[in-house]
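Undergrad: Letter by letter, the chains look like this.
Number of protein chains: 2
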Amino acid sequence: MKTMQTPTNFTIGQVAQIKTISTYTLRYYDDQGLLPKVFRDKNGNRIFTNEELKWLDMIKCLKNTGMSLEKIKTFVDDTYQGSRTLQARILLLNTQAKKIKDNIEEQQTYLNKINQKIKTLKN
Amino acid sequence: MKTMQTPTNFTIGQVAQIKTISTYTLRYYDDQGLLPKVFRDKNGNRIFTNEELKWLDMIKCLKNTGMSLEKIKTFVDDTYQGSRTLQARILLLNTQAKKIKDNIEEQQTYLNKINQKIKTLKN
DNA sequence: ATTTGACTTCGAGTTAACTGTAAGCTATAT
DNA sequence: ATATAGCTTACAGTTAACTCGAAGTCAAAT
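Line by line, the protein sequences are chains Y and X. Using the numbering used here, you'd call the opening residue of the first sequence number 7 and step up by one each time. Using the numbering used here, you'd call the opening residue of the second sequence number 7 and step up by one each time.
Check the hints yourself; a few may be wrong.
Calculated lysine-lysine pairs in the DSS-like style (CA-CA distance at most 25 angstroms, straight line) [stated by the list, open to error]: (1) X:Lys60 x X:Lys77; (2) X:Lys125 x X:Lys60; (3) X:Lys107 x X:Lys60; (4) Y:Lys105 x X:Lys123; (5) Y:Lys69 x X:Lys60; (6) X:Lys119 x Y:Lys43; (7) Y:Lys25 x X:Lys66; (8) X:Lys105 x Y:Lys79; (9) X:Lys105 x X:Lys79; (10) Y:Lys128 x X:Lys119; (11) X:Lys66 x X:Lys77; (12) X:Lys79 x Y:Lys105.
Here are the simulated distance ranges between beta carbons [to be verified]: (13) X:Gln23 x Y:Asn56: 37 to 45 angstroms; (14) X:Thr31 x Y:Asp47: 47 to 55 angstroms; (15) X:Ser74 x Y:Lys104: 25 to 33 angstroms; (16) X:Thr31 x Y:Gln87: 33 to 41 angstroms; (17) X:Glu111 x Y:Thr31: 23 to 31 angstroms; (18) X:Gln23 x Y:Asp84: 48 to 56 angstroms; (19) Y:Lys48 x X:Lys77: 29 to 37 angstroms.
Simulated from the structure, these hints should not be mistaken for lab results. Backbone N, C-alpha and C fix where the C-beta goes; we use that ideal spot for every residue, glycine too.
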């Protein structure tokens, strides 16, 4: 079903507040092509929409799981290329999912090691 | 029980091979004070022992779980200060353990999000 | 005796991802 | 009318953690 959207136009400062990202970083992401759909008002100011907010969540997800901004950009670009790149995008996400799984295992191993070390320090 | 030690003197190149860390990085770590017990032979060349190999494992563990080299250095320094710093070291490790646990949870959340996204892409 | 290889120091260069500064524009408030 | 706030661009600076180059020392091999 379709649902009504809440008003969906934001300035860079509003987005900075909502997503707790600095305006510097938002402009940097835009400059790097991570937000290719940001339009401008008649004064040249950026207009962010819900689409950008969703992208920022996705960027955060990929970035915080170790993907470089450069690689994230290829994902963004592919997305705007449409269905032609569907397999590439699925592959990229599957690869990232695998990487996260491996990382979780690695972190678990390190956690065990540190807990072991704490034990020995307590003797 | 006490066990015999295998011979325990290594050059920087040998350590680089054993631990697959570049000699550049090893010297950098030494310069930064992360390996305070590295002695020198009569020619001024570094002599690494099993103690350093163990430290390199510990450094890797802390570093790969997100600790800065600067903070790792305080842990190393504290260790060589002896029992006076025991509580500080235990605290540092407990804090790191907590951080790792939180991170694992976060990564799990991101993994779910990505798997969800893969699903929607496949429709 | 000289070449080779592995080591040394010092200092400069690299990279990613910001982070900040300066100069300027525009809409709103006083 | 002017001050303020929030935006703009261009570009320079910062940070952590390396990474490398140059010039030099020393021991072992040819």
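Undergrad: Each of the hints needs a verdict: does it hold here or not?
TA: Now the hints, each set against the structure:
1. X:Lys60 x X:Lys77: 18 angstroms, holds
2. X:Lys125 x X:Lys60: Roughly 44 angstroms separates the two Cα atoms, so the pair is violated.
3. X:Lys107 x X:Lys60: Given that 25 angstroms is the threshold and the Cα spacing comes to 24 angstroms, the pair holds.
4. Y:Lys105 x X:Lys123: 16 angstroms, holds
5. Y:Lys69 x X:Lys60: Since the Cα atoms of Lys69 of chain Y and Lys60 of chain X sit roughly 32 angstroms apart, the hinted pair is violated (cutoff 25 angstroms).
6. X:Lys119 x Y:Lys43: 23 angstroms, holds
7. Y:Lys25 x X:Lys66: Outside the cut-off at roughly 33 angstroms; violated.
8. X:Lys105 x Y:Lys79: 29 angstroms, violated
9. X:Lys105 x X:Lys79: Status holds; Cα separation ~18 angstroms.
10. Y:Lys128 x X:Lys119: 39 angstroms, violated
11. X:Lys66 x X:Lys77: Cα-Cα ~13 angstroms, so holds.
12. X:Lys79 x Y:Lys105: Violated, because 29 angstroms separates the two Cα atoms, which is more than 25 angstroms.
13. X:Gln23 x Y:Asn56: 37 to 45 angstroms: Taking Cβ atoms as reference, Gln23 of chain X and Asn56 of chain Y lie about 53 angstroms apart, which means the hint is violated.
14. X:Thr31 x Y:Asp47: 47 to 55 angstroms: This hint holds: roughly 49 angstroms between Cβ atoms.
15. X:Ser74 x Y:Lys104: 25 to 33 angstroms: 28 angstroms, holds
16. X:Thr31 x Y:Gln87: 33 to 41 angstroms: 39 angstroms, holds
17. X:Glu111 x Y:Thr31: 23 to 31 angstroms: 25 angstroms, holds
18. X:Gln23 x Y:Asp84: 48 to 56 angstroms: The hinted range 48 to 56 angstroms is violated for Gln23 of chain X and Asp84 of chain Y, with Cβ atoms some 40 angstroms apart.
19. Y:Lys48 x X:Lys77: 29 to 37 angstroms: 49 angstroms, violated
The earlier numbered hints that this structure contradicts are 2, 5, 7, 8, 10, 12, 13, 18, 19.
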